[in-house]
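The task is simple: from the sequences and hints, build the whole structure.
Protein chains in written order, with this note's numbering: chain C, 1 to 272; chain X, 1 to 296; chain L, 1 to 296; chain W, 1 to 220.
No lab work stands behind these hints, which were simulated from the structure alone.
Any given hint could be a false lead.
[Said to hold, decoys possible] A short, non-exhaustive set of chain W residues, derived as facing chain C with CB atoms under 7 Å:
{"id": "1", "residue": "Val16"}
{"id": "2", "residue": "Ile17"}
{"id": "3", "residue": "Ile45"}
{"id": "4", "residue": "Thr46"}
{"id": "5", "residue": "Ala48"}
{"id": "6", "residue": "Ala54"}
{"id": "7", "residue": "Val100"}
{"id": "8", "residue": "Phe198"}
[Said to hold, decoys possible] Below, a list of computed lysine-lysine pairs in the BS3-like style, where the Cα atoms sit at most 27 Å apart:
{"id": "9", "chain 1": "L", "residue 1": "Lys152", "chain 2": "W", "residue 2": "Lys131"}
{"id": "10", "chain 1": "L", "residue 1": "Lys292", "chain 2": "X", "residue 2": "Lys292"}
{"id": "11", "chain 1": "L", "residue 1": "Lys152", "chain 2": "X", "residue 2": "Lys231"}
{"id": "12", "chain 1": "W", "residue 1": "Lys205", "chain 2": "L", "residue 2": "Lys134"}
{"id": "13", "chain 1": "C", "residue 1": "Lys29", "chain 2": "X", "residue 2": "Lys152"}
{"id": "14", "chain 1": "C", "residue 1": "Lys145", "chain 2": "X", "residue 2": "Lys48"}
{"id": "15", "chain 1": "L", "residue 1": "Lys97", "chain 2": "L", "residue 2": "Lys134"}
{"id": "16", "chain 1": "X", "residue 1": "Lys152", "chain 2": "L", "residue 2": "Lys134"}
{"id": "17", "chain 1": "L", "residue 1": "Lys134", "chain 2": "L", "residue 2": "Lys174"}
{"id": "18", "chain 1": "X", "residue 1": "Lys152", "chain 2": "C", "residue 2": "Lys75"}
{"id": "19", "chain 1": "L", "residue 1": "Lys134", "chain 2": "X", "residue 2": "Lys257"}
{"id": "20", "chain 1": "X", "residue 1": "Lys292", "chain 2": "L", "residue 2": "Lys257"}
{"id": "21", "chain 1": "X", "residue 1": "Lys292", "chain 2": "X", "residue 2": "Lys48"}
{"id": "22", "chain 1": "X", "residue 1": "Lys257", "chain 2": "C", "residue 2": "Lys74"}
{"id": "23", "chain 1": "W", "residue 1": "Lys44", "chain 2": "X", "residue 2": "Lys97"}
Beta carbons are placed, not taken as given, at the ideal position from N, Cα and C, and that holds for glycine.
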Amino acid sequence: MSATMVSQHIPDLDLITSYAERNDSFFSKVSPWTKLGGLVLVILLITLTRSLAICSGLYIAILAVYYLAGLPIKKLFAWCALPVLFVLSLVGLLAWSEPGTPIVSFAVAGVTIALTDNGVLLVFTLLLKALVSVTYSLFFLMTTKYEHFAGMIFRIFPSPLDQIFLMAYRFLFLTLAMTGSMLKAVRSRGGGLVRSIRMQGRIFAEVFALVFIRSFERAERVHTAMIARGYHGSYAAGTAIPRPGFVGYGVLGAFSLIIAIVVWMVPNTRGW
Amino acid sequence: MTVIRRDPHAPHCPPIDRERELIHVDCASHTYPDGSVGIHGMCFSVLKNEIVALCGPNGSGKSTLIEHLNGILTPSEGEIWVNGRSITGGEQSDLWKEVGVVFQRSDDQLFAPTVLDDVMFGPLNMGMPVDEAKVAAMRALEAVGAADLVHKLPNYLSGGQKRLVSIAGILAMKPKVIALDEPTSDLDPVHSERIETLITGLRERFSISVVIATHDLDFAARVADRICLVKNGSVFAEGTPAEVFYDPALIADAGLKVPQVVRVYLEYCALHGIEPHDHPIRLEELLFVLRKNPKG
Amino acid sequence: MTVIRRDPHAPHCPPIDRERELIHVDCASHTYPDGSVGIHGMCFSVLKNEIVALCGPNGSGKSTLIEHLNGILTPSEGEIWVNGRSITGGEQSDLWKEVGVVFQRSDDQLFAPTVLDDVMFGPLNMGMPVDEAKVAAMRALEAVGAADLVHKLPNYLSGGQKRLVSIAGILAMKPKVIALDEPTSDLDPVHSERIETLITGLRERFSISVVIATHDLDFAARVADRICLVKNGSVFAEGTPAEVFYDPALIADAGLKVPQVVRVYLEYCALHGIEPHDHPIRLEELLFVLRKNPKG
Amino acid sequence: MAHIHLEDGSFSIFWVIVWWAAAVILVGISLYLLRSGEKTDSRKITIAAFCTAAAFAIFQIEIPVAGGVHLTITPLVGILTGPAAGCLVVFVVNIMAAAVGHGGWSMIGANTLVNISEVLVAFCLFSVLGKITKSPFARAAAATFGALVCGTIVMVGIIIISGVQGVTQSSATILAGLSLVVAINLAVAALEAIITGFVVTFLQKVRPDILGGKQGNSGR
Ligand SMILES: Nc1ncnc2c1ncn2[C@@H]1O[C@H](COP(=O)(O)OP(=O)(O)OP(=O)(O)O)[C@@H](O)[C@H]1O
Ligand SMILES: Nc1ncnc2c1ncn2[C@@H]1O[C@H](COP(=O)(O)OP(=O)(O)OP(=O)(O)O)[C@@H](O)[C@H]1O
Ligand SMILES: [Mg+2]
Ligand SMILES: [Mg+2]
Chain C
1 MSATMVSQHI
11 PDLDLITSYA
21 ERNDSFFSKV
31 SPWTKLGGLV
41 LVILLITLTR
51 SLAICSGLYI
61 AILAVYYLAG
71 LPIKKLFAWC
81 ALPVLFVLSL
91 VGLLAWSEPG
101 TPIVSFAVAG
111 VTIALTDNGV
121 LLVFTLLLKA
131 LVSVTYSLFF
141 LMTTKYEHFA
151 GMIFRIFPSP
161 LDQIFLMAYR
171 FLFLTLAMTG
181 SMLKAVRSRG
191 GGLVRSIRMQ
201 GRIFAEVFAL
211 VFIRSFERAE
221 RVHTAMIARG
231 YHGSYAAGTA
241 IPRPGFVGYG
251 VLGAFSLIIA
261 IVVWMVPNTR
271 GW
Chain X
1 MTVIRRDPHA
11 PHCPPIDRER
21 ELIHVDCASH
31 TYPDGSVGIH
41 GMCFSVLKNE
51 IVALCGPNGS
61 GKSTLIEHLN
71 GILTPSEGEI
81 WVNGRSITGG
91 EQSDLWKEVG
101 VVFQRSDDQL
111 FAPTVLDDVM
121 FGPLNMGMPV
131 DEAKVAAMRA
141 LEAVGAADLV
151 HKLPNYLSGG
161 QKRLVSIAGI
171 LAMKPKVIAL
181 DEPTSDLDPV
191 HSERIETLIT
201 GLRERFSISV
211 VIATHDLDFA
221 ARVADRICLV
231 KNGSVFAEGT
241 PAEVFYDPAL
251 IADAGLKVPQ
261 VVRVYLEYCA
271 LHGIEPHDHP
281 IRLEELLFVL
291 RKNPKG
Chain L
1 MTVIRRDPHA
11 PHCPPIDRER
21 ELIHVDCASH
31 TYPDGSVGIH
41 GMCFSVLKNE
51 IVALCGPNGS
61 GKSTLIEHLN
71 GILTPSEGEI
81 WVNGRSITGG
91 EQSDLWKEVG
101 VVFQRSDDQL
111 FAPTVLDDVM
121 FGPLNMGMPV
131 DEAKVAAMRA
141 LEAVGAADLV
151 HKLPNYLSGG
161 QKRLVSIAGI
171 LAMKPKVIAL
181 DEPTSDLDPV
191 HSERIETLIT
201 GLRERFSISV
211 VIATHDLDFA
221 ARVADRICLV
231 KNGSVFAEGT
241 PAEVFYDPAL
251 IADAGLKVPQ
261 VVRVYLEYCA
271 LHGIEPHDHP
281 IRLEELLFVL
291 RKNPKG
Chain W
1 MAHIHLEDGS
11 FSIFWVIVWW
21 AAAVILVGIS
31 LYLLRSGEKT
41 DSRKITIAAF
51 CTAAAFAIFQ
61 IEIPVAGGVH
71 LTITPLVGIL
81 TGPAAGCLVV
91 FVVNIMAAAV
101 GHGGWSMIGA
111 NTLVNISEVL
121 VAFCLFSVLG
131 KITKSPFARA
141 AAATFGALVC
151 GTIVMVGIII
161 ISGVQGVTQS
171 SATILAGLSL
181 VVAINLAVAA
191 LEAIITGFVV
201 TFLQKVRPDI
211 LGGKQGNSGR
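Shown next, in the form of structure tokens:
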């Protein structure tokens, strides 16, 4: 594995961008607005429902879409590790004291804590919800061209929020590259980051500080270089974003209908 | 014209000559925020339709000077005129259209998601419609020999490929003056030569002026009309390549080395007892001279 | 020994020779995460006590190979042996002590708060006490001619000064093999020559092996014992400088240009009708040959 | 590292809307303040944008302690950009984090509130402490620690108030379950305080202009 990557479990933005720019599947031609609408509806559905079955179905559907778009499945699972860890670390703690039929139980210092069927169900449901949202987000990122994102950001957010957002997106690549190259340099001269903390704790903080300042100055230089090519402090997103077609509206409409039916008709799924 | 020497301790720039000078730098000093003195007592000018090379040792202030030319840095003390207008303090909003700068580190310059976007950035900012900008970008990429990189991500290029793309990004804007900081330092000989012909071609076809900061004296000797020797933050001597490079004491004074061609020629003359008055500068000239004096 | 040519389409590396080889690379491929092929069918080895130069056009895979040498990158397919031990997959934890790499972009390498800290970083990691590490660092900085920068911040140096410091950072660790990626690309001729004598000196005094990736064929010709020509991600020919550079068809095939000295010599021979069998490679050799045949 | 490590679907729709609305109102106020002030110069935007990028990047480096925690540099953002721009920065950071599965879209509101509290506290403490001590290290470290403690309180508060969908236990039990998280957060806060201290000391030394000191002369 390349050492330039900050961590294997963090979505590699360079890679995501490169997929986005190259993807020529059907989904890359779908209007970004349709995909954005889809995102809102997906999040709405998993916020409203508590049903394990619905979450599983949704997850399988999204995974299929992700696969059909020709995106890397193995990478997806690596990238999902962190969100999964989050859910487990927090909900995993809460699940233990959930009322229900105990499956395992311990007595610690006179208090009995038990993992119940409801607790396990809770963990699984929340886990699936997390996977649904992460997978859809990555699908969205990897099938939408940068210029379309830029255009959407430009239209959605008021100034100067849009400017901060757009410029930050640019600087992000610099900062990540800088962080990666620092790790590479440290490693190639024998300092694993962990050992360095023990060996030279102070230096670590200083290095960290320096990386921060260096990336800042890099960003500043890039900014001046942009000005040197005519950047005025306002990015004019000239690119036209494809509007949703009939099919797009149709799909979104149908999806909304399904959500309404699922949430209002099927009992015990509502999360109010 | 002979070599002009300047005393950096008592600098007095000649006054600006609006007829011939495109850029006139009279920069008493530029001090970086940490207190390092980048340049000091610097007089420098770029004439119309010329290629001028800045040569000097590491840390002599070449990059600092280059970054002054389109207002990325501004003098701590002193003034700079572009096209007869002072750019210090006042309005400099469209300076970027006139002077294009290629940075020493190409990473500073590349930021867009794809190579094409990056090269199109300048033309788009100049108000070109997208299609035209695309054409301009493609043409610039072809000119530097990097057309095959068009859909790559700038982050994922080799050192030399980044250099080519960053040069293309400036070319696409067709500025009146192009300043290149170590343009050939990462390039292989073939691409280097390509950039070389490109630079001389630009001057001939579009009467663009070019400023080059470089250590590669052989390269400077081949392309430049005028050489400015930089030391300790100021230009201390200037002249044509033949004058400057055939003055070994001057070159040594600058902390540089005489180019290979000159060394071979001088040795050859010494060997055959010829008066070295031909002053060949390019390899072709040297070979021509050798041919002319086959037997000494 | 004559030029060895390899067919990149049917690569079969010779087996590893544990007696003479310090590093043996048999890398079927390295593919970057985005799918770009960095190297492909690469056979390369570093012998004991030699200076080997990798020459090839931009994007041919030189840096990718260099970063394999101390395990910063690992082959997607294939294996690498250092000192007879395979480093792929297995233990590679102290590889950095044996192979030091100077990166193409010195910015990638400098991270400590001051130049001294940066150069001391390697020695400290090797377990040297602080005082000793300081002495080692100062000595390395003096060797490259950058002792005056010791208290500066690496971030605030000129391009060439950064290069010098990053070379010093590796020197201070005294590895058995030093790999330098474009070591002279930002350096002025004086510092360049200093690095040149340093490299040859290292080999002579400490029997260190040195790997250099460079485009500067004149430089490669001067220092290297062996030239490996790289194209499209693999070494396709190798030999001594005299063999390689006096084979213009091979050089053209590699996408490079014949060095100046060779061109002058060949022209000179053609001019005087001499058989070109001397094959001078350095400027001094050329001048010597010219002296030997003053009248052709 | 006060940041709610919950993903989409954890809060009920009611609380999602409540926290989002609160965050949007605060961001709106910041926007109003920024736009009504003098013309926003592009340098300020550069700093804010850079802080956004750095916050996001640093977010992504795990420190191998206790199963992997990470720093947020929200207090530093507060110190460098001030409260108004700081609110925008943390809002954008949270959107970006959600996009790569680091937090969840419906959690952006809650997380932004947590971070805004950090930005505000850090900024205020840093300014106030400036009258007490000259040492930039002490100022920055104390401000950071205070901010992160406050952020942790806000985070726990939000979780207790909104509850987690499907969790039916009492607030007290949830609080007990969260105590481990709080303990880790405080340990990381101490580490982050030290690092922020160094960053600010360094900035004071080499780039005082960023800290609002005298303007450097490196051009724009
Ligand atoms: N960002 C910076 N901050 C502080 N000092 C700097 C900075 N950049 C350069 N300097 C200092 O200013 C002086 C001139 O640097 P400059 O980069 O102009 O040299 P240069 O001639 O381009 O050198 P090189 O050939 O090595 O690139 C050097 O002494 C250097 O240390
Ligand atoms: N980080 C990266 N990600 C993806 N592809 C890369 C990366 N770095 C290099 N490449 C690609 O791998 C190939 C080999 O690159 P490499 O940097 O090894 O070339 P090089 O011989 O060092 O060139 P140069 O002389 O220009 O430095 C090139 O085609 C390049 O585009
Ligand atoms: Mg320079
Ligand atoms: Mg390279």
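Verification of the hints:
| no. | hint | verdict |
| --- | --- | --- |
| 1 | Val16 | holds, 6 Å |
| 2 | Ile17 | violated, 10 Å |
| 3 | Ile45 | holds, 5 Å |
| 4 | Thr46 | holds, 5 Å |
| 5 | Ala48 | holds, 5 Å |
| 6 | Ala54 | holds, 5 Å |
| 7 | Val100 | holds, 4 Å |
| 8 | Phe198 | holds, 4 Å |
| 9 | L:Lys152 to W:Lys131 | violated, 32 Å |
| 10 | L:Lys292 to X:Lys292 | holds, 20 Å |
| 11 | L:Lys152 to X:Lys231 | holds, 20 Å |
| 12 | W:Lys205 to L:Lys134 | holds, 24 Å |
| 13 | C:Lys29 to X:Lys152 | holds, 20 Å |
| 14 | C:Lys145 to X:Lys48 | violated, 43 Å |
| 15 | L:Lys97 to L:Lys134 | holds, 18 Å |
| 16 | X:Lys152 to L:Lys134 | violated, 43 Å |
| 17 | L:Lys134 to L:Lys174 | holds, 14 Å |
| 18 | X:Lys152 to C:Lys75 | holds, 21 Å |
| 19 | L:Lys134 to X:Lys257 | violated, 33 Å |
| 20 | X:Lys292 to L:Lys257 | holds, 25 Å |
| 21 | X:Lys292 to X:Lys48 | violated, 35 Å |
| 22 | X:Lys257 to C:Lys74 | violated, 56 Å |
| 23 | W:Lys44 to X:Lys97 | holds, 24 Å |
The structure fails hints 2, 9, 14, 16, 19, 21 and 22 (numbered hints given earlier, in ascending order).
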